[in-house]
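Residue numbers (my numbering), protein chains in the order written: chain V, 1 to 348; chain S, 1 to 293.
Don't read these hints as lab results, they were simulated from the structure.
No false leads were slipped in.
In the SDA-like style, the derived pairs of lysine to any residue whose C-alpha atoms are separated by at most 20 Å in a straight line are:
{"#": "1", "chain 1": "V", "residue 1": "LYS102", "chain 2": "S", "residue 2": "GLN203"}
{"#": "2", "chain 1": "V", "residue 1": "LYS102", "chain 2": "S", "residue 2": "PRO207"}
{"#": "3", "chain 1": "V", "residue 1": "LYS102", "chain 2": "S", "residue 2": "PHE206"}
{"#": "4", "chain 1": "V", "residue 1": "LYS131", "chain 2": "S", "residue 2": "LEU208"}
{"#": "5", "chain 1": "V", "residue 1": "LYS95", "chain 2": "S", "residue 2": "LEU208"}
{"#": "6", "chain 1": "V", "residue 1": "LYS95", "chain 2": "S", "residue 2": "TRP202"}
{"#": "7", "chain 1": "V", "residue 1": "LYS102", "chain 2": "S", "residue 2": "MET191"}
{"#": "8", "chain 1": "V", "residue 1": "LYS102", "chain 2": "S", "residue 2": "TRP202"}
{"#": "9", "chain 1": "V", "residue 1": "LYS95", "chain 2": "S", "residue 2": "SER185"}
{"#": "10", "chain 1": "V", "residue 1": "LYS95", "chain 2": "S", "residue 2": "ARG200"}
{"#": "11", "chain 1": "V", "residue 1": "LYS131", "chain 2": "S", "residue 2": "ALA210"}
{"#": "12", "chain 1": "S", "residue 1": "LYS97", "chain 2": "V", "residue 2": "ALA74"}
{"#": "13", "chain 1": "S", "residue 1": "LYS97", "chain 2": "V", "residue 2": "GLU55"}
{"#": "14", "chain 1": "V", "residue 1": "LYS95", "chain 2": "S", "residue 2": "GLN203"}
{"#": "15", "chain 1": "V", "residue 1": "LYS95", "chain 2": "S", "residue 2": "PRO207"}
{"#": "16", "chain 1": "V", "residue 1": "LYS102", "chain 2": "S", "residue 2": "PHE201"}
{"#": "17", "chain 1": "V", "residue 1": "LYS95", "chain 2": "S", "residue 2": "GLY199"}
{"#": "18", "chain 1": "V", "residue 1": "LYS131", "chain 2": "S", "residue 2": "LEU285"}
{"#": "19", "chain 1": "V", "residue 1": "LYS102", "chain 2": "S", "residue 2": "SER196"}
{"#": "20", "chain 1": "V", "residue 1": "LYS102", "chain 2": "S", "residue 2": "ARG200"}
{"#": "21", "chain 1": "V", "residue 1": "LYS95", "chain 2": "S", "residue 2": "ALA197"}
{"#": "22", "chain 1": "V", "residue 1": "LYS102", "chain 2": "S", "residue 2": "ARG195"}
{"#": "23", "chain 1": "V", "residue 1": "LYS95", "chain 2": "S", "residue 2": "ALA210"}
{"#": "24", "chain 1": "V", "residue 1": "LYS131", "chain 2": "S", "residue 2": "ARG200"}
{"#": "25", "chain 1": "V", "residue 1": "LYS95", "chain 2": "S", "residue 2": "MET191"}
So you can see what is in the structure, the chains are spelled out below.
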Amino acid sequence: MAQVSLEGIRKVYPNGFQAVQTTSFTIQDGEFVVLVGPSGCGKSTLLRMIAGLEEITEGELKIGDRVVNDVDPADRDIAMVFQNYALYPHMTVRKNIGYGLKNRGTPASEIAAKVEDAARMLNLTEYLDRKPAQLSGGQRQRVAMGRAVVRDPALFLFDEPLSNLDAKLRNQMRIEIKALQRRLGTTAVYVTHDQVEAMTMADRIIVLNAGRIEQIGTPSEIYHNPASTFVASFMGAPPMNLIRAEVDQKQVKINGYDALMVASEAFSGPITMGIRPEDVELDAQGQVKFHVDILEELGAHRLLHGRIDDQPFSVMIGKEDTAHTGETRIKLKPEALRLFDKDTGLRL
Amino acid sequence: MKRAGFDNIWLPVALLLPQLMIIAIFFYWPAGWALQSSFYLQDPFGFGSTFVGGENYTSLVGNDQYKRVAGFTIIYSVLVTFFSLAIALLLAVKADKVIRGAKTYRTLLMWVYAIAPPVAGFMGILFFDQSTGPLTKFFQMFGWDFKLGVDYNATATAMVIVAVWKQIPVNFIFFLSGLQSIPRSVREATMIDNRSATGRFWQVTFPLLAPTAFFLLIINITYALFDTFGIIDALMKGEPGNNPMTLVYKVYLDGFRGNDLGGSSAQSVILMVLVLLLTVFQFRLVERRIHYT
Ligand SMILES: Nc1ncnc2c1ncn2[C@@H]1O[C@H](COP(=O)(O)OP(=O)(O)OP(=O)(O)O)[C@@H](O)[C@H]1O
Ligand SMILES: [Mg+2]
Numbered sequence: 001m002a003q004v005s006l007e008g009i010r011k012v013y014p015n016g017f018q019a020v021q022t023t024s025f026t027i028q029d030g031e032f033v034v035l036v037g038p039s040g041c042g043k044s045t046l047l048r049m050i051a052g053l054e055e056i057t058e059g060e061l062k063i064g065d066r067v068v069n070d071v072d073p074a075d076r077d078i079a080m081v082f083q084n085y086a087l088y089p090h091m092t093v094r095k096n097i098g099y100g101l102k103n104r105g106t107p108a109s110e111i112a113a114k115v116e117d118a119a120r121m122l123n124l125t126e127y128l129d130r131k132p133a134q135l136s137g138g139q140r141q142r143v144a145m146g147r148a149v150v151r152d153p154a155l156f157l158f159d160e161p162l163s164n165l166d167a168k169l170r171n172q173m174r175i176e177i178k179a180l181q182r183r184l185g186t187t188a189v190y191v192t193h194d195q196v197e198a199m200t201m202a203d204r205i206i207v208l209n210a211g212r213i214e215q216i217g218t219p220s221e222i223y224h225n226p227a228s229t230f231v232a233s234f235m236g237a238p239p240m241n242l243i244r245a246e247v248d249q250k251q252v253k254i255n256g257y258d259a260l261m262v263a264s265e266a267f268s269g270p271i272t273m274g275i276r277p278e279d280v281e282l283d284a285q286g287q288v289k290f291h292v293d294i295l296e297e298l299g300a301h302r303l304l305h306g307r308i309d310d311q312p313f314s315v316m317i318g319k320e321d322t323a324h325t326g327e328t329r330i331k332l333k334p335e336a337l338r339l340f341d342k343d344t345g346l347r348l
Numbered sequence: 001m002k003r004a005g006f007d008n009i010w011l012p013v014a015l016l017l018p019q020l021m022i023i024a025i026f027f028y029w030p031a032g033w034a035l036q037s038s039f040y041l042q043d044p045f046g047f048g049s050t051f052v053g054g055e056n057y058t059s060l061v062g063n064d065q066y067k068r069v070a071g072f073t074i075i076y077s078v079l080v081t082f083f084s085l086a087i088a089l090l091l092a093v094k095a096d097k098v099i100r101g102a103k104t105y106r107t108l109l110m111w112v113y114a115i116a117p118p119v120a121g122f123m124g125i126l127f128f129d130q131s132t133g134p135l136t137k138f139f140q141m142f143g144w145d146f147k148l149g150v151d152y153n154a155t156a157t158a159m160v161i162v163a164v165w166k167q168i169p170v171n172f173i174f175f176l177s178g179l180q181s182i183p184r185s186v187r188e189a190t191m192i193d194n195r196s197a198t199g200r201f202w203q204v205t206f207p208l209l210a211p212t213a214f215f216l217l218i219i220n221i222t223y224a225l226f227d228t229f230g231i232i233d234a235l236m237k238g239e240p241g242n243n244p245m246t247l248v249y250k251v252y253l254d255g256f257r258g259n260d261l262g263g264s265s266a267q268s269v270i271l272m273v274l275v276l277l278l279t280v281f282q283f284r285l286v287e288r289r290i291h292y293t
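Bound-form chain S, shown alone (with noise of 0.2 Å):
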């Protein structure tokens, strides 16, 4: 590794320091207060609060709801991480094949990246609406009266549909790079040693692959538990009711709807907790395992 120096000390400080600013205006001031006031039992009228040690954490153990949504949220998370991993990269692999088109199949996939959330929500509501959604009416088609927003597992597929949507595109686009970063020459041997397709993807490109695939799989879990809120959101209409919702959403819902600040703030401690240790797993994994160089 390359070390740059710097003579005097406060340069590099200085040019740090905006960025470490925002950092401690934007995460660590409002973690250390979540940490603070899950301590403690707000009055939801906002008058004062009481110090309670580590009950809002012990009264999420035995809370079933609680359960019943951290269950979701893992069955949710393997869902839109399994799906829009594979679907990209069955769609770069194929876009990789033929090198002339990707340029168009990538533009026309990075349209989907532009949408934010909330908006990917809104379309997934049209998407699935009751009377005119395309994808309704393919549900009924099968059988299955498919009622978004009244019914579990239907808001539960609508949610897992549009988040999956939503993510491929950035999922392709770094599959499709790795790709077409692996040596041509390498493919080319691989096509000389081994006559089976299949037993050259997975013995060469996706080894070769295997970097960008752990990024992606932290990246995708991250967006799963964290980022779909506004899909769900959206895709809920402010409706909590039956629906299925995430381990994030339900902080929001018990913090500014149930008023219920330190359970909400002793809840996203534990996902604060949950993202560490993601990070502290990607970064022992990469640097021990998966480059090769």
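With the rest of the complex left out, here is chain V (with noise of 0.2 Å):
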């Protein structure tokens, strides 16, 4: 168990390719720290980073309150599951499990206990003389996990471990993965492009665009006050709502409309506004105007896709509500709106 703590790290790649702009965090002693973005914004660089794998261009990693930069993966007490599991397909299940103990020196008898254990808790005594050739997607993501949680390390690394699996499983794989590392208390790193996976199971996560972190927070912090429209779109099916709007003496307006909500500061002008989905509602009396296109039936609740003017926009409403496509009227409710640089995107 311990804090990791990032100062000023760096990535360029050799070919010149800066991954990772200059990043400094502290991911607290058992915290689970999720790292979501879109395809190719430097999340498994920056694991990667923290495991060894990958060479640290600039900064400095501590792991505890030892700095690491120069220590092989194997000395950093870190346990990692890779996407594609990663099992070493010559070794039986107990083998793989047992390979990072058996290199660490520990007796035998005291490494058979443990795998043991880590198999009973995963499900996997039954399988543990097979191959990993034997086994389904599922049940090898299970040795994965064994092999991580077999080691009592530090440090949790996990790069999607779950995006191999179908729909179901993953689910049932998210919840497991939270409660073991909750049990276990150990801190970990999770990378995913899934922000489901980002808000069901971090503490904290991280958002990276582009090699940058657009915003650290909880996931109710990130999903409510995003701190730019591209964590708002990023985060959240279906993303947060975002217009033009305009700031006019205090009052926000869309065109033509009256006044939505009172400015808190002075500024005006042209402006971006946010709004979530489900905090529209329809309303025949609404300030807007809104042209339904589309009606999209999720169960639980519907979603109403289409435009108020010519700007794509979303509302989320019950099940017991009635809807139709065409023209509507909706309210925004005032204290759920979020006001954006038009320019920066940046949180006003």
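Join the two chains into one complex using the hints; note that each chain is given alone, in its own frame.
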């Protein structure tokens, strides 16, 4: 168990490409941190630098009290779970799980006991003598987990460990991994591009975009108070609505309509206004006209996709509410409006 | 295993026919002929032959020269196989580390592969030339008066070196592609699990290369036994004299120089049986043990 701190970490690949811009953050002992962002934003690069699989171009990485920039991956007291599991195909499940312990000079009897424990915890007992090729994807995933937990490391690193599983198994494993991490109390860094995983598993989320941190915060902070239009549109399904608006005499307006809310700061001119689809209500007396193009049935609720003037907009309604395509009116909850700079996309 | 179906039995037969004919004409027919003539004593001047039963075989058992050649063939094959595999593996592991350089590395080594065995033998002669050969000079630095084609040990050494040199590229290519087909994440997982690079190689990389290595082992034994004929012929410059030779070369020598077709046929039948055993061994082992899936 350990705290991990990154101090001005930067990564430039040998071909000159800067994959991670100067970055600093600290992960608390026992915390579950999720790195999320679109493909190619540098999540894996960051994780692999922590693992020691990728050289750190600049900055200082600490695991516990130790600076580990030049420490071998095997000596960093970490365990990593890979997207394709990276099991050793020629070893049985038992040997796969025990391999790391064996190389650390653990006595054979202790290895056997620990492997049995890990296998019991992950429901792998009956597969211990099989080779990876004789397992299903979900079982292989568990073996990869077993290999990580058996060593009782200071830090777990996960690189999209669930993305090769089907949706149902993914939901199940998501909960199991989270529960396991809670029980063991081991610090964890988890990379994913799936914002549902990020929201449900994380103590804290780090949103990355093009090698830069956009925001660090709890899932609720990230969801309700996105620091930029990028975070607003990346987190949440469907994403936050972002439309052009204007601040005039401390009043927020979308073109032609009444004031929607009072702007707290003294700025004026065009801005980007954001609101989550669930913070909008259908209301015949509503201030804003909304044209519904598509009705999307999701069971627990429904999504209406359409336009305000020419700008795309979505509304979420309950399963009891009636709705139809075509012209209607909506009401926006004033306290749910978020204002962003029109050009930089940063929160105002 | 997926099975492709043909409605008409004649189509597959027709498709296979050219291949089967080539095998029949160039392999089964001469093999059958060799088997038959191994039971006869041929008149050296071509005037008929006499049936002698197994005498051609039994006389080999007591033949000291045959035993000596067989002994040399074993040592030769072991040395050639071992060194060409070991050196190629070493080079492939090094090349794999600098994937960038691997391409030029690969091409450079492939050039050697493109050389025909007799040409390789001829180049060997240049290397080992008595007055100008760089390798002769190299050995002379260590006080070994290296006389190719005259001194038994010198010729044997040259045969091994040239044969190994010629075979390394093939092995290298196979080893390198074997290494590169090991998933990157598996190697990274070992880096986290094991601090020792040597341990990682022998416990993970090498077992994953085993199918490749075993296939190459068979290929190399066959190469050392049979395909080095051209090299050996070139290096002894047509003067068998006191020089070492392999069993295949002796087949040629006895049959075409010594005109003992019966004895030579018996020897080649023995070699055919050897190849057969090697093949059976290969299939057994590959199917039982080496593949992990
Ligand atoms: N070895 C390398 N050399 C040069 N550039 C690289 C190298 N590895 C990755 N990159 C680049 O660095 C950027 C970040 O890569 P990284 O693998 O960290 O992305 P990621 O966020 O994990 O994406 P994904 O979700 O697709 O896995 C990408 O633009 C990628 O092209
Ligand atoms: Mg990645």
